[in-house]
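S.K.: Given next are the chains, with one letter for each unit.
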Amino acid sequence: MNKKMKFSIYRYNPEVDTQPYYQDVEIEVTNLDKKLLNALVKIKEQVDDSIAFRRSCREGVCGSDAININGRNGLACLTDLAKLKEPVVLRPIPGLPVIRDLIVDMTQFFHQYNSIKPYVIDHNQMPSRERLQSPKDREELNGVIECILCACCTTACPSFWWNPDKFLGPAALLHAYRFIADTRDEATAERLDDLNDPYKLFRCHTIMNCADVCPKNLNPTKAIGKIKEFMLSRVI
Amino acid sequence: MSLPILKFEAVIVGGGGAGLRAALQLSEAGIKTVVLSKVFPTRSHTAAAQGGISAALGNIEDDNWHWHMYDTVKGADWLGDQDAIEFMCRQAVDAVVELEHYGMPFDRLENGKIYQRPFGGHMANFGKQPVRRACCVADRTGHAMLHALYQRNVKANTKFFVEWMALDLIRNENGDVVGVTALEMETGQVYVIQAKAVLFATGGAGRIFQSSTNAFINTGDGVGITLRAGLPVEDIEFWQFHPTGLAGAGVLITEGVRGEGGYLLNANGERFMERYAPTAKDLASRDVVSRAMQIEINEGRGCGPNKDYVLLKLDHLGVEVIDQRLPGIREIALQFLGIDPIKEPIPVVPTCHYMMGGIPTNYKGEVVAPFGANKEEVVKGFYAAGECACASVHGANRLGTNSLLDLVVFGKSAGNSMIKFIREHDLEYKELPKDAGEFSLQRVQKIDASTSGESLAELRHEMQRIMQQHAGVFRTQKVLMDGIEKIEALYARAQNLYIKDKSKVFNTARVEALEFINTIEVALATMICAEARKESRGAQAREDYPERDDANFMCHTLFYRDGRKIIYKDVHVAPLTVDYIPPAKRVY
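The listed protein sequences correspond, in order, to chains F and B.
When the letters of the first sequence are read in order and numbered with this note's numbering, they come out as residues 1 to 236.
When the letters of the second sequence are read in order and numbered with this note's numbering, they come out as residues 1001 to 1588.
It is worth saying that the hints were derived from the structure and are not from the lab.
Quantities reported herein were computed from a predicted structural model and do not represent experimental measurements.
Virtual Cβ for every residue (Gly too), placed ideally from N, Cα, C.
A portion of the hints provided could be inaccurate.
To be verified - Label pairs and their calculated CB-CB ranges:
(1) 1032/B - 17/F: 36 to 46 Å
(2) 31/F - 1189/B: 37 to 47 Å
(3) 20/F - 1189/B: 22 to 32 Å
(4) 17/F - 1424/B: 46 to 56 Å
(5) 4/F - 1371/B: 58 to 68 Å
(6) 222/F - 1433/B: 53 to 63 Å
(7) 1476/B - 80/F: 33 to 43 Å
(8) 1126/B - 80/F: 41 to 51 Å
(9) 1544/B - 14/F: 50 to 60 Å
(10) 1112/B - 234/F: 19 to 29 Å
Required output: the full structure, derived from the provided sequences and hints.
M.R.: The following block contains the structure:
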């Protein structure tokens, strides 16, 4: 089942390009090339080794290869070639500075993540064995801990595009919820205080792009809603 | 030309499980530390580990570290060092409890304790019956562990140089390690990083094979650098072929599937592992299961149009168990084969998964190498942990879930050794050699200056084909000799490697070229050491030498790049406190 496929790839190398441009590429894909990442690797090997993109695990668990694919954020390694309309337009995920080609500077994204104190806070003396947690309490973390920090959600969010420095974005907020929801964490009040600000949390307008594009089928909007519930129940 | 010089007391190369655990130890001790990582730390390959981390918590049934130790020694086919194995298994419970305290979201039992599942080769009472020892987070244990360790490092304010690639070790005239050179990908700048202690936690090199569960980044950088620095690597001929790689795609399907009750079927619908391992059946050691599968396929009982895979059946577990304990597997099967395992079995083949060999260390994480009469002299300032190291706890075959344990136990141990070394000497930085960095710079400039030559992509594909055909599950003298000839020829061609892209900013072609130069070292060493070991032990299955030969080969291989020299050193037969476990026939 060999077939030719057309791609249009965003190119920008700050050393030589005054502005970005699109490079048209055509390659032959076989039935072994199931995913977009297979095609990208092939393009780099056979057509132009200067096309720069990140990739690692090729199975959707490392979060390296988030790309804007035909206008929609996704992981190259989990995107079926067969489902893509041609020419396949590949751009860096939006809203972050481009370093080169499909590689963006994720400093801001990780700054947001770090700002929510992404670790369990428990000031008690640790027991000699594991702390206990019921399966039901642990279950609350499902749908949250699977996040791979690929940034598909945050960079698809208009609220993030408008206020990238003030709104935390869906990924960081998903993680904020992860620690609020963890029964082992003692800092819920402090975490809610931190988020109680006109921008950090409340700029989420439930547009739902985040849930729509998440390659792990997670729902940051729902997690944000739960944080708001926590806040509300505290007021009452 | 002089390179910019940076100074850190401790440099950790690699931001996976071992590197992050060591970093935590050093950061919390107030040592000026930096972690270099080719990728953002949570993108390291630790994230792909699925099934679990072993510790004899005994949360469901009686278990203790002595049994864990016995299983590890037996799993390693008596090539593991028993002092290191005792050290790891004794630490296991504390290591897992510590991860829980770090916030790792383990699955739980009704009583609130950590859930445990059966796994290959995990037995109670010194090999008598299966025991539940694998602590897990569904089938995403590595991902959860890596994120928890990274998060803890955020708390500890660890400094990271993200998307930096180490190029070479810097050794002084005494052979002490006094720093590394590294490439900052974003700028293309090469730096000299002066250090009092350097830890390699660079992971494996599974990408030497065509069919591999490993990530693109698993290119054996630490091993290649070590060989170039004139130091040996240990037991590099031992590669684990995981029984259940997804046919075609190579993506890992956890042994946890069989731990939860799944089993393998051949074309006749026969549960063939009952013939090969009457007690443990599908939960025998990985080398045993992979060989059985390969025999079934070779003898015409494979499945599919080309009879080239077997089937992993799990639909009988029910949708509830699959969605609760194996959700990632279901996702992978759907994504890559369009098969839903709640209805259909998954096509699987033995797939290269893990490098048992690596940089020789003791259980303290110190790198050791022959010097004079001493075959295990400590190389001052140099440490290694995790898959790139050979402590050796995995010997000739690693048990499932012992890899994640290895990362945290030896990451911590190496971190402690580095703290002690730095504080003990209260050291000044040792002087850098005058030409520090020159070698690396020349290597990079050679790539930049090339105007024609061998295509990187072709060289890489050719290496992977050669390794697949000549160093696979079953090996023979003829096949290995041919393999050496082919890989040496390729090695010669690789000296003339060429890439078109000459730019500086995030030149990923250049990074791949530098990676390949490391990878081919690992491939060559593997082939030569596999030929030299004329016995079958663990993952090394020689059809022409089908038996284990303890008289001649119960010893570690040490391979040097110069002259392709091999020497052997004794296995450590004395554990730290308990009795030696003498070799026995390995039956599951």
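S.K.: Between residue 4/F and residue 1371/B, does the C-beta distance stay in 58 to 68 Å?
M.R.: Roughly 59 Å apart at Cβ, these two residues keep to the hinted range, so it holds.
S.K.: For the hint 22 to 32 Å, verify it against the beta carbon of residue 20/F and that of residue 1189/B.
M.R.: 24 Å, holds
S.K.: Confirm or reject the claim that residue 1112/B and residue 234/F have a C-beta distance inside 19 to 29 Å.
M.R.: 26 Å, holds
S.K.: Please check whether residue 222/F and residue 1433/B have a Cβ separation lying inside 53 to 63 Å.
M.R.: 58 Å, holds
S.K.: Given a hint of 37 to 47 Å, does the C-beta separation of residue 31/F and residue 1189/B actually sit inside it?
M.R.: The hint (37 to 47 Å, Cβ to Cβ) holds, given that residue 31/F and residue 1189/B are roughly 42 Å apart.
S.K.: Does the beta carbon distance between residue 1476/B and residue 80/F stay inside 33 to 43 Å, or does it fall outside?
M.R.: 41 Å, holds
S.K.: State, for the Cβ atoms of residue 1032/B and residue 17/F, whether the hinted interval 36 to 46 Å holds or is violated.
M.R.: Since residue 1032/B and residue 17/F have Cβ atoms about 39 Å apart, the given range 36 to 46 Å holds.
S.K.: Could you say whether the range 50 to 60 Å given as a hint is met by the Cβ separation of residue 1544/B and residue 14/F?
M.R.: Check passed, 57 Å falls within 50 to 60 Å.
S.K.: Between residue 1126/B and residue 80/F, does the beta-carbon spacing fit 41 to 51 Å?
M.R.: 49 Å, holds
S.K.: Holds or violated: 46 to 56 Å for the Cβ distance of residue 17/F and residue 1424/B?
M.R.: Given about 52 Å between the Cβ atoms, the range holds.
In terms of the numbered hints stated before, the structure departs from none.
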